[in-house]
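Trainee: Using the sequences and the hints, build the whole thing.
As you go down the protein sequences, you meet chains A and B in turn. Following this note's numbering, the numbering of the first sequence begins with 1 at its first residue and continues without gaps. Following this note's numbering, the numbering of the second sequence begins with 305 at its first residue and continues without gaps.
Honestly, the hints are just simulated from the structure, not real lab data. Be a bit skeptical, because a hint or two may be false.
[As the list claims (entries may be wrong)] Far from chain B, by Cβ distances over 10 Å, these chain A residues were calculated:
(1) M1
(2) M232
(3) S235
(4) A275
[Stated by the list, open to error] List time: in silico DSBU-like cross-link candidates among lysine-lysine, alpha-carbon distance up to 35 Å:
(5) B:K573 with A:K236
(6) A:K43 with B:K543
(7) B:K364 with B:K511
(8) B:K573 with B:K550
(9) B:K573 with B:K543
(10) B:K442 with B:K385
(11) B:K442 with B:K359
(12) B:K359 with B:K550
(13) B:K364 with A:K236
For every residue, glycine included, the Cβ atom is placed at its ideal position computed from N, Cα and C.
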Amino acid sequence: MSIFIDRDTRLLVQGITGRDGSFHTRQMLEYGTAVVAGVTPGKGGQTFDAGSATTAPPVPIFDTVADAAEATGANVSVIYVPPLFAADAIMEAAAVGIPLIVCITEGVPVLDMTRVYPFVRDHGARLIGPNCPGLISPSVCKVGIIPGRICAPGPVGLVSRSGTLTYELVDQLTRAGFGQTTCVGIGGDPINGTNFIDCLAAFEADEATTAVVMIGEIGGTDEQEAARFVSMHMSKPVVGFIAGRTAPPGRRMGHAGAIISGATGTAAEKVHAMAEAAIPVGDRPVDVVTLLRERLAVAGRGAA
Amino acid sequence: MDIHEYQAKDLLRRAGVPVQPGEVADTPSGVEAIATRYGTMVVVKAQVHAGGRGKAGGVKLAKTPAEARAHAERILGMSIKGLVVTRVLVAQAADIASESYVGIIVDRVSKRPVVMVSPAGGIDIEEVAATTPHRIRKVAVDPRYGLQPFEAMQLAFFLYRDVHRARAAARILRQLYEAFIDSGASLAEINPLVSTPTGDLVAVDAKISIDDNELDRHPELAALRDESAEAPSETDARKANLTFIKLEGNVGCVVNGAGLAMATMDLVKYYGGEPANFLDIGGSSNPEKVVNALRIITSDPQVRVILFNIFGGITRTDDVANGIVTAIRQHPLRVPIVIRLTGTNEHEAVRILASAGLSAVTDMDEAVRAAVALVGAETAA
Chain A
1 MSIFIDRDTR
11 LLVQGITGRD
21 GSFHTRQMLE
31 YGTAVVAGVT
41 PGKGGQTFDA
51 GSATTAPPVP
61 IFDTVADAAE
71 ATGANVSVIY
81 VPPLFAADAI
91 MEAAAVGIPL
101 IVCITEGVPV
111 LDMTRVYPFV
121 RDHGARLIGP
131 NCPGLISPSV
141 CKVGIIPGRI
151 CAPGPVGLVS
161 RSGTLTYELV
171 DQLTRAGFGQ
181 TTCVGIGGDP
191 INGTNFIDCL
201 AAFEADEATT
211 AVVMIGEIGG
221 TDEQEAARFV
231 SMHMSKPVVG
241 FIAGRTAPPG
251 RRMGHAGAII
261 SGATGTAAEK
271 VHAMAEAAIP
281 VGDRPVDVVT
291 LLRERLAVAG
301 RGAA
Chain B
305 MDIHEYQAKD
315 LLRRAGVPVQ
325 PGEVADTPSG
335 VEAIATRYGT
345 MVVVKAQVHA
355 GGRGKAGGVK
365 LAKTPAEARA
375 HAERILGMSI
385 KGLVVTRVLV
395 AQAADIASES
405 YVGIIVDRVS
415 KRPVVMVSPA
425 GGIDIEEVAA
435 TTPHRIRKVA
445 VDPRYGLQPF
455 EAMQLAFFLY
465 RDVHRARAAA
475 RILRQLYEAF
485 IDSGASLAEI
495 NPLVSTPTGD
505 LVAVDAKISI
515 DDNELDRHPE
525 LAALRDESAE
535 APSETDARKA
545 NLTFIKLEGN
555 VGCVVNGAGL
565 AMATMDLVKY
575 YGGEPANFLD
585 IGGSSNPEKV
595 VNALRIITSD
605 PQVRVILFNI
615 FGGITRTDDV
625 ANGIVTAIRQ
635 HPLRVPIVIR
645 LTGTNEHEAV
655 RILASAGLSA
665 VTDMDEAVRA
675 AVALVGAETA
685 A
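Mentor: Given below as structure tokens:
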């Protein structure tokens, strides 16, 4: 099984005709994701060519999310629109009742997110991102931009605030024989729709997931709260990695949310909180695989 | 993006906040002219993006225009935390009965703008939070409704007992909130907000940071950027759409993606090296970005080795390889280069690099160890 997306996912792409949207829509179609609709205002009635690498039919394009959802029954939306339009796109999807919204766009103003977050919650939707690579349930469904090639199906759940660092770790897991149930990138912004705890709880409830890899970075207290959640509510082993041990305080390290403010949000503080919760944290990315192997061996003995 | 005190005060003045009168000058004679016109005691204040200006000698009270000029001669050109002062604000000195703090930030936990006040004004709010947290009161504002009058009054009564000043403070809080939202700020604070012996309130110092992601929406605010406050290499990188932060080490890092870039720096340190920078060339990187990245990195004389760490997902590794080869043809390298690339089109990338006599590895750990070893070997030699 998997979390958030599966074989029943019927995907809508907001911004399907843009440069990023069109490229990644073809990648998702090639991966086998059911892309059922696209939205670009003014291009309703046209179709999006799926390309030669897939047998998928052309994707119908609509002017609005409401039209697209009504005509196709889409139940997940992925957003590739420019940053100043992203907040509106998220709210448009939530208002129509799309239950899962994944916003890839980087550079959404944080004040926009202060308005979007309660709007999405009040409409009962889940938002993943913004500024995230999306998610993938290997061999089943891909929503976003995580390269399918590096993933393999298996029992490990992965949740991360990063993009390429996620790919690095997924690649190492796959090479070491650890396939994944679902890999989720929750994004590098200070306000995002889904946090570590949401994903950890979903992995705990997912029967197919036997262990979780959690990849955090400097800034905020999300990892520290997740560590407390793990110690109180999780039976499955969790291992981690924290990026930014060498980051100087007060500087944004690429991600808008990756900033040490005063004395809060340091890597040391996060590693400490995770150690307290019995979450081993790798010093190097490659150590994560070793730690996972050790934890699974211990868990296996415990079960036997 | 940080803006200067005088720029922040202009934004507040436009929002209706009573601000201590002041003007900017960049010469001692300009300062003297302003002080003469005011005919009051003035404060000469260095305009730099650094805290602790007072302790550094960048804020001075002057009784006469001649004294103001003398202060300006010392302050203009002085260096505060590595930043050279090119402008000073000349402000009419305020009579101080008491000092308060009022500020707004975007809070990650409540996911709302949070308005904070403290009667302990004039000192750093983080210090107040650490030592006397009971002297701070906060309200997390629902941004859909904005700061309500009753919320502002609750906060204002925490600062002032008498209703006259509390009303004035509540009005200022709501004006500050409007300025915060209208300018797309991530921080806006007045510290100190001064109460005068006659009971008036006036903003004596102000700080506003604008969310970089809002600047396309506010070209008039983007124009307030002071490039002299940034390292030249950071200005150069920003214009090339690269995220670059200069550090003190000698291993120049070029990486795609912020998380991987941080992890690369951490690994350099783990193996005993020191990263010279954080540099993220971003997702869909074209060869041009790589050329710019190499130019910026190699302009740092401290860099002893260049380390590329590219995980090709969206980024095509052949684009990166083309960028490296183009850059090296334009400006041959004077330091060794270690290239790690894996992922999309890696075979093509390796072929492109080989045609220029370069090689690459696929393992991140191996590449970082090699780069650190090269620095060590050179230092030993």
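Trainee: Evaluate each hint against the coordinates.
Mentor: Hints versus structure:
{"no.": "1", "hint": "M1", "in the structure": "25 Å, holds"}
{"no.": "2", "hint": "M232", "in the structure": "18 Å, holds"}
{"no.": "3", "hint": "S235", "in the structure": "27 Å, holds"}
{"no.": "4", "hint": "A275", "in the structure": "17 Å, holds"}
{"no.": "5", "hint": "B:K573 with A:K236", "in the structure": "32 Å, holds"}
{"no.": "6", "hint": "A:K43 with B:K543", "in the structure": "33 Å, holds"}
{"no.": "7", "hint": "B:K364 with B:K511", "in the structure": "19 Å, holds"}
{"no.": "8", "hint": "B:K573 with B:K550", "in the structure": "15 Å, holds"}
{"no.": "9", "hint": "B:K573 with B:K543", "in the structure": "29 Å, holds"}
{"no.": "10", "hint": "B:K442 with B:K385", "in the structure": "31 Å, holds"}
{"no.": "11", "hint": "B:K442 with B:K359", "in the structure": "29 Å, holds"}
{"no.": "12", "hint": "B:K359 with B:K550", "in the structure": "26 Å, holds"}
{"no.": "13", "hint": "B:K364 with A:K236", "in the structure": "61 Å, violated"}
In this structure, the one hint that does not hold is number 13.
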